[in-house]
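Asks: So the protein lines, in turn, are chains A and B.
Take any residue in the first sequence, count from 1 to its spot, add 121: that is its number in this note's numbering.
Take any residue in the second sequence, count from 1 to its spot, add 138: that is its number in this note's numbering.
There may be inaccurate statements among the hints.
[Claimed, not checked] Okay, the calculated bits of chain B under chain A, using three or more residues with CB under 8 Å as the criterion:
1) 292–299
2) 415–424
3) 451–465
[Claimed, not checked] Straight-line alpha carbon distances no greater than 20 Å define the calculated PhoX-like cross-link-like pairs of lysine-lysine that follow:
4) K354/A <-> K375/B
5) K300/B <-> K190/B
6) K356/A <-> K222/A
7) K300/A <-> K333/A
8) K300/A <-> K171/A
9) K344/A <-> K305/A
10) K300/A <-> K190/B
11) K190/B <-> K356/A
12) K265/B <-> K375/B
Derived from the structure by calculation, the hints contain no laboratory data.
For clarity, every value in this text was computed on a predicted model and none was experimentally measured.
A virtual CB, placed ideally from N, CA and C, is assigned to each residue, including glycine.
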Amino acid sequence: MILRIFISYACCFLVLNTLFGQAAPSAGPASPSLQLSFTHVMGQQPLVRKTVTYTNAAGEPFTISRFRYFLSNFSVEAVNGEMIPLAPAYFLVDDAIDSSKTIRLENIPAGQYKGIRFLVGVDSIRNMSGVQSGALAVESGMFWTWNSGYIMAQLEGHSPAIKSPTQEFLFHVGGYRAKDQVLKYITLPFPRPLTINTTSMPNLNLVADAEKWFLPDTVSFKKITVIMAPGVKAKQVAGNYQHMFRITGVTKP
Amino acid sequence: MLPNHNIHLKYKAIYIVGAFCLLLILVQGQAGKKYTGGPEPYLLQLPPNFPKPVYDFSHNPLTKPGVALGRFMFYDFRLSKDSTVSCGFCHQQFAAFGHFDHALAHGVEGQQGNRSVPVLFNMIWQKTFMWDGGVNHLEIQPLTPLTDHNEMAMDLKELLRKMQADPAYRSKFKAAFGSEEITSERMFKALTQFVATMISANSRYDSVMRKLPGAVFSAEEQAGYNIFQEKCAACHKEPLFTDLTYRSNGLPYLPALNDVGRMKITGNTDDNLRFKVPSLRNILKSSPYMHDGRFYDIYQVFDFYDHGVEVTGTTDPLVKKGIPLSEQEKRQLYFFLNTLTDYSFISNQAFSEVLIN
Chain A
122 MILRIFISYA CCFLVLNTLF GQAAPSAGPA SPSLQLSFTH VMGQQPLVRK TVTYTNAAGE
182 PFTISRFRYF LSNFSVEAVN GEMIPLAPAY FLVDDAIDSS KTIRLENIPA GQYKGIRFLV
242 GVDSIRNMSG VQSGALAVES GMFWTWNSGY IMAQLEGHSP AIKSPTQEFL FHVGGYRAKD
302 QVLKYITLPF PRPLTINTTS MPNLNLVADA EKWFLPDTVS FKKITVIMAP GVKAKQVAGN
362 YQHMFRITGV TKP
Chain B
139 MLPNHNIHLK YKAIYIVGAF CLLLILVQGQ AGKKYTGGPE PYLLQLPPNF PKPVYDFSHN
199 PLTKPGVALG RFMFYDFRLS KDSTVSCGFC HQQFAAFGHF DHALAHGVEG QQGNRSVPVL
259 FNMIWQKTFM WDGGVNHLEI QPLTPLTDHN EMAMDLKELL RKMQADPAYR SKFKAAFGSE
319 EITSERMFKA LTQFVATMIS ANSRYDSVMR KLPGAVFSAE EQAGYNIFQE KCAACHKEPL
379 FTDLTYRSNG LPYLPALNDV GRMKITGNTD DNLRFKVPSL RNILKSSPYM HDGRFYDIYQ
439 VFDFYDHGVE VTGTTDPLVK KGIPLSEQEK RQLYFFLNTL TDYSFISNQA FSEVLIN
C-alpha cells in the first residue's frame, strides 16, 4: 500500500518534472528588496573630488582624486536578533560614478529587521577562485596583478605635504590572507525597525565619511604616502576606515 | 511468512526508488543537454602517470571553440599596447614556450623586466604562478603580462572595447560562450582553456616509465637517471619534475636586479631569495636557466651546483654543501635530461602559431 502511494506520487512528480522542469523561472512579483544610497563626505563637508582642499587629522591640506570601495557579504538582522545572510552580491562603489552609489539588495525574506551587516572588501574565497565577473571583473583596476588579490578600498589624492614630484598619495588597501587581512565587517543598527516585504521596500540613506581614513590611528602623509601591497600600513588604514559608515535615515525609494 | 514478506517488500521498494532516481537523473540529463546545446566539448587526455590536476575545470569546461579562441588570443599581437607583442612572442613553442636565448623578459617599447620567461606546459598542475608564486590562480595569470608596463602594457578596458568592435572576435566569443558579449571573464577563461591543453608528458622518459615496447634507457641515460634520483629528485620531483615549492638554491644574489623572490609576496624574511622550483621537462630546449636567465648552458647549471652555491640564511639545506658532480656524472645527467625533451609537444600543430591578419 505504502509502495503504491509512493509510486503514484513518484509518477506524478516525474510527469510534472518532465513537463515543467525546463520552464524558465517565472517573473512573478518583485522580490522584497532593500535599497542603499550612499553619500560621500569629508567630515562636515560634502566630498568633492579635485577642486576642494581638506585638512587631515595631522593638519596636512589635501585634495581627493579617487575614492572607491567594495561592499559584499550582506546580512540583515531580524528583530529577534537573528542574522540572515543574503544571496552573494558584490558592489564597487565609486565616487566618480553616481549610479554606483545606489545599490539594491534583492531577495530579502519578508519580515521585520533592526539592522544590517556587510563587508568592506571582497571575501578571501573570491580572492582566490580565479577570474570573476560583474563588479569583480578585473578591468576595474581594483585587483593586484603581481600579488593576486582585490584592492578592498582605494583613496587617492594630492597634498603639498608630500615631497615627491607628483605630491600624490595612493592608498590601495588590500590583503585577504590571515597575516595581512584587512577585511572589515560593519554592523549598523537601523534607526527604527524596518518592515521589508513586496509592498514595503525601503531605501536606507548612508554616509561614507572619507575623513575617517585618517583617524583615530592618525595617518600623516609624511609617514604614509603610498600603500600598494598588503601589510602594516594597509591594516592601519583599514582599521580607521571601518568607522566611515553611518545611517542617516530611511526613505521610500 | 509475514517477516519474510516484509523483507521482500523492502527490497522491492529499494529497487523501485532506485529505478525512479535513475530515471530522474536521465530526464534531468536530457533536459540539461537540450538547454545548453552549447559548443563541442574538448576532451583532454590526461597522462596516466600524473596526479589529479589542481585546476578545477567545473567552472570552465574545455570546448573546441573555447580552446581555439584562447589559441588565437595567445598569438594576437594586438593584445599589446602598440600591437607588437603577443603572448607567443615570448612564449615560443620550439623552446617549450619559454623565450629562446633571452635571459630577461622584454616587452613593448623596448621595456625589459627582471626575470626570465617561464616555460608553459603542465600548468593545470600548478598551484601558484610566476617565479615568486605571486599569482594564485591559472585563470588570472595572463592578467600580469597583459597589463605589466614591461610586457604587453595593455589597458584592459581599452582591449575589451577593441575586441568588442572586431566582428571576428565577436563571432569567436559567440562560438565559445554562446553570445557575442566580450568580457574579461570570458577572455581569461578562453586563454586558460588553451593553456590547459598544453600538456607535456610524452618524452622518451615517459615512454620508458610506461614500459612502451622498445622504450629503454641507454646505459648512460640510465646512469644519469640514477644520479638524478639520488641528487636532484627531492626538489625536481617526478613526474612533473618539480615539487612546486619555493626554495633558495644558493644562486648568488645580483645587486643590479635586487630580486628578493618570494619575500616580495609574503613579506616574510624566511622567503628571501626563494623562487619556484622549475620543471626539468624539456630543459635542454628551454635555455637560458634560473629565474634571471643567467646560465645559457646546462653545464653552467651543473657547475653552479657543484661549486657555485653561495649560502645565505635561507639557502635550502639540500644544496648548502653543493651537489658534487664529476665530469662523467655531468655527462650522464645531460643524457638523462635529454630524455625529458617532448618532441611531440614542441612540434604539436595544435599549439602552433596562428596567423593574425
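Asks: Run every hint past the structure and note whether it holds.
Replies: Results of checking the hints against the structure:
1. Evaluation of the coverage hint for the segment 292–299 of chain B: fulfilled, as 3 residues show C-beta separations to chain A shorter than 8 Å, against a requirement of three.
2. Residues of the segment 415–424 of chain B with a Cβ under 8 Å from some Cβ of chain A number 0, which does not satisfy the need for three, so the listed coverage is violated.
3. Counting residues of the segment 451–465 of chain B whose C-beta sits closer than 8 Å to any C-beta of chain A gives 0, which falls short of three, so the coverage hint is violated.
4. Annotation: proposed proximity of K354/A to K375/B is violated, straight-line Cα distance about 39 Å (limit 20 Å).
5. Proposed proximity of K300/B and K190/B is contradicted: the alpha carbons are some 38 Å apart, above 20 Å.
6. Restraint check for K356/A and K222/A: the C-alpha separation of about 25 Å exceeds 20 Å, so the hint is violated.
7. Note on K300/A and K333/A: the hinted pairing is violated, with a Cα-Cα distance of about 24 Å set against a maximum of 20 Å.
8. Straight-line distance between C-alpha atoms of K300/A and K171/A comes to about 35 Å, which puts the hinted pair past the 20 Å bound.
9. Pair hint K344/A plus K305/A does not hold up; C-alpha atoms about 23 Å apart against a cutoff of 20 Å.
10. Restraint check for K300/A and K190/B: not satisfied, since their Cα atoms lie roughly 30 Å apart, outside the 20 Å limit.
11. With a C-alpha separation of about 38 Å, the suggested pair K190/B and K356/A falls outside the 20 Å cut-off, and the hint is violated.
12. Restraint check for K265/B and K375/B: the C-alpha separation of about 15 Å stays at or below 20 Å, so the hint holds.
The earlier numbered hints that this structure contradicts are 2, 3, 4, 5, 6, 7, 8, 9, 10, 11.
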